[in-house]
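> Here's the letter readout for the chains.
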Amino acid sequence: MSAVDLTQFHKTFFEESREGLDAMEAALLALDSGATDHELVHTIFRAAHSIKGGAATFGFADVAAFTHVAESLLEEVRSERRAVDSGLIEVLLRSVDCMRAMLERSSQGQPVADAESEALRVELVQLVSGEVAAPAVAAASMVAPVSGWNIAFTALPHLLQTGNDPLRLFRELQQLGRLEVVRAFVTDSAPAQLAELDPSQCHLGWELRLHGAVARADIDAVFDWLDGDCELTIAPLAEVAVVGAAAPATSGSPPAATGTPRPVRETAAATGAGTSGEGSSIRVGIDKVDALINMMGELVITQSMLSDIGEKFELSQLGRLRDGLVQLERTTRELQESVMRIRMLPIGSVFNRFPRLVHDLERKLDKRVKLELHGEHTELDKTVLEKIGDPLVHLVRNAIDHGLESPAQRKAAGKSETGTLKLNAYHEGGNIVVQISDDGAGLNHAAIVAKAQQRGLIAAGQELSDAEVAELIFQPGFSTAAQATDLSGRGVGMDVVRRNVRDLGGSVGVRSVSGKGSTFTITLPLTLAIIDGLVTAVGSERYIVPLTSIVESLRLRADAVRRIAGGGEVFHFRDEYLPIMRLHRAFACNDAVTDIEHGIVVVIEEDGRRVGLLVDDLLGQQQAVVKSLEAHYRRVQGISGATILSDGSVALIVDVGGVVRLGQRSKAA
Amino acid sequence: MYEDPMYEDKRATAPPLQQLTFSLADEEYGVDILAVREIRSWSRVTRIPQTPDYVLGVLNLRGAIVPIMDLRLRFGLQRESYGDDTVVIIVAIAERLFGIVVDAVSDVVDIDPAAIKPVPDMGAVVDTRYLKGLATYAERMVMLLDVEKLMRPEDVETLDAALPAIQEVEVAA
Chain G
1 MSAVDLTQFH
11 KTFFEESREG
21 LDAMEAALLA
31 LDSGATDHEL
41 VHTIFRAAHS
51 IKGGAATFGF
61 ADVAAFTHVA
71 ESLLEEVRSE
81 RRAVDSGLIE
91 VLLRSVDCMR
101 AMLERSSQGQ
111 PVADAESEAL
121 RVELVQLVSG
131 EVAAPAVAAA
141 SMVAPVSGWN
151 IAFTALPHLL
161 QTGNDPLRLF
171 RELQQLGRLE
181 VVRAFVTDSA
191 PAQLAELDPS
201 QCHLGWELRL
211 HGAVARADID
221 AVFDWLDGDC
231 ELTIAPLAEV
241 AVVGAAAPAT
251 SGSPPAATGT
261 PRPVRETAAA
271 TGAGTSGEGS
281 SIRVGIDKVD
291 ALINMMGELV
301 ITQSMLSDIG
311 EKFELSQLGR
321 LRDGLVQLER
331 TTRELQESVM
341 RIRMLPIGSV
351 FNRFPRLVHD
361 LERKLDKRVK
371 LELHGEHTEL
381 DKTVLEKIGD
391 PLVHLVRNAI
401 DHGLESPAQR
411 KAAGKSETGT
421 LKLNAYHEGG
431 NIVVQISDDG
441 AGLNHAAIVA
451 KAQQRGLIAA
461 GQELSDAEVA
471 ELIFQPGFST
481 AAQATDLSGR
491 GVGMDVVRRN
501 VRDLGGSVGV
511 RSVSGKGSTF
521 TITLPLTLAI
531 IDGLVTAVGS
541 ERYIVPLTSI
551 VESLRLRADA
561 VRRIAGGGEV
571 FHFRDEYLPI
581 MRLHRAFACN
591 DAVTDIEHGI
601 VVVIEEDGRR
611 VGLLVDDLLG
621 QQQAVVKSLE
631 AHYRRVQGIS
641 GATILSDGSV
651 ALIVDVGGVV
661 RLGQRSKAA
Chain U
670 MYEDPMYEDK
680 RATAPPLQQL
690 TFSLADEEYG
700 VDILAVREIR
710 SWSRVTRIPQ
720 TPDYVLGVLN
730 LRGAIVPIMD
740 LRLRFGLQRE
750 SYGDDTVVII
760 VAIAERLFGI
770 VVDAVSDVVD
780 IDPAAIKPVP
790 DMGAVVDTRY
800 LKGLATYAER
810 MVMLLDVEKL
820 MRPEDVETLD
830 AALPAIQEVE
840 VAA
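Chains as they are written, first to last, in my numbering: chain G, 1 to 669; chain U, 670 to 842.
Please note: incorrect hints may appear among the correct ones.
Sample of chain G residues facing chain U (criterion: CB under 8 Å; computed from the structure) [said to hold, decoys possible]: (1) 541; (2) 586; (3) 631; (4) 636; (5) 644; (6) 651.
Below, in silico cross-link-like pairs of lysine-lysine (DSBU-like), each with a Cα-Cα straight-line distance of 35 Å or less [to be verified]: (7) G/422 x G/411; (8) G/422 x G/364; (9) G/11 x G/288; (10) G/411 x G/516; (11) G/627 x U/801; (12) U/818 x G/627.
In case anyone wonders, no lab produced these hints; they're calculated from the structure.
Please read these numbers as outputs of a predicted model, since none were measured by experiment.
The C-beta atom is built at its ideal place from N, Cα and C for all residues, glycine as well.
Sequences and hints are given; from them, build the entire structure.
Okay, here's the thing in structure tokens:
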């Protein structure tokens, strides 16, 4: 066989398999909620089948072996030999988790099979009706206690054409144990006359006996390539099936042999986190690419028209020139939009993980939840999308764990036993808004206040408005869970959610009505590549301050500024004294306004700390396309990037956090 | 035995190095033409805080933010003014772009690698760290710039400078 480097396809295989598993999961959940659609079963089967095929092709034998068993089970469902019940779906969902973990491990080059996957594989084998004898394997997990296998292997005529070679198979089998050929025969498909024999066809069959303690999975792995190219039956050697204590276990308690079902696990979250380090790629709809090409074509036409005018320009052509420029401007703008759209992906890819999460949480917490998803097609920047997943998962968990009541409590409160959890995404202005709302009990005002007092966040007897109480839950280390379940109260609180969202340039807030439920609203910028900024002048330089961090801009009177020991300057702003940070000093600009009275102080906030930034003047508001300084230079403290102004010159973007820290250091010095 | 007639040929004359030569304070320097992306006239740059004085700032090169370094300042010389006849050579090393401000661009010359002489130790008078070697072309001496070293951030250089001292300490210990 020619040495094709298969590793180059691995990344695609993993990506496609992940998508396949997502599709399987979604279809399984749909089946679970009562849909009896043949197409759903087919979807699940197809996904499993292609993962198996891919895994075998790329040499992930363990994954292939596992998926093969899962596929056999699915085949029974597909051919309606097995009814779909919640138990089966539970097993299959766990198999999906397991395959996901196995793929994750193989993509990182770690050993693929572990005790858990092996136990689950055995459980699946037991479920597959045709292999009732096989559960003998279950008694010991990894090593089969069988002393051998009967293998009946009949090649279909086209076997050789698919690149398979029976001799290679036998060699591989020989490596597993002692191989005995009981009988070799010519199949009925062989032509009667030797002259008619096509040498590229195979008309042979074998009855083989493989002696030794060989795991079924290993044999399956050998034959995995031959799916559809041969007739194959594998059975344990007859005498083994009756030997020992394994037999009673078969009839007794099938799945229980492998122990209690696993509790709901964090597999989904774990795999999500694991993928972030890989080189990322984007799948772009062909329509988007086509739109780009169209636009490009127009641009070329406009360009040739303009250069045509330029070559032999006469004043009479002024009108045509103007038309050309207008067209150029329009095409350029459209091109810019199309390019940005390539980075935009629907939020549905994040929403899709929630049906499973909710399904698992329902069982674990014994609650009944109806999940409603709206606005899955709302698109946002890939970078934002990747980082919003975890905060959303946290909010959904919180809503089910703390927000929604148990069915009994809900009944007592006169509500439907099934709680509703709604996820909604939509565009609003230049932002995207994601809402997570539940119809649960709402924030527990009294409990939050009590907890805050206990933590010393507020003074005893302090009266708080609803909004202030809601704000408390975003404080670090704040959790009101009466008992810390393993779902929430693991130290990852709402403060982390808020920080993550802030890192993306967004904000998160909550509205709650006691007894009616609460709504968390996350507002995010459409893209990280463009920010809304305030253009300020300092000397001859222009600096851009991100609009989201600006609290207020004001002109100070000289007497409003106090000097404190050590040379720092502070001013009074809404009940607190804020340090003044002279931007011209921090960035060493010449010709800047040094007299505070003649400059403007922009109050900026980062992580609750505020600083007054002294600039010469405000020049206006502008959308700035963020460019990296590091691409060709290096990181500069206090600067988060650069952008290009309409006159083609470069303006630096102020890193608010960095400047606040700079200000504090100079105060400390 | 098979002999490649071309083989001997190639050894005798290694491909000449094409250098873009420019003048700086009456001296002639050369930079590898393969590293040069473009030559442009001076335009105003945006200053960056917390950078050494020889990094004048950044400018917009078709959407890329490119730092500009004045070679005179880098070599400890004075720069009188920046005007329309000031020239910026944009060079690229490993996809990273930066511009160097020089007095004037002269020529593209072929230099025989065999004719490149090592830089003599001139003590503290001339900073020879950024030179790859000296070459003679048409009776003139051309100093070949080591662009990669020019681009390295100064903290790496500080480390490099400190390294011999550290090693000495280690040997002594």
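> Which numbered hints are broken by the structure, listed smallest first?
Hint check: nothing fails, all pass.
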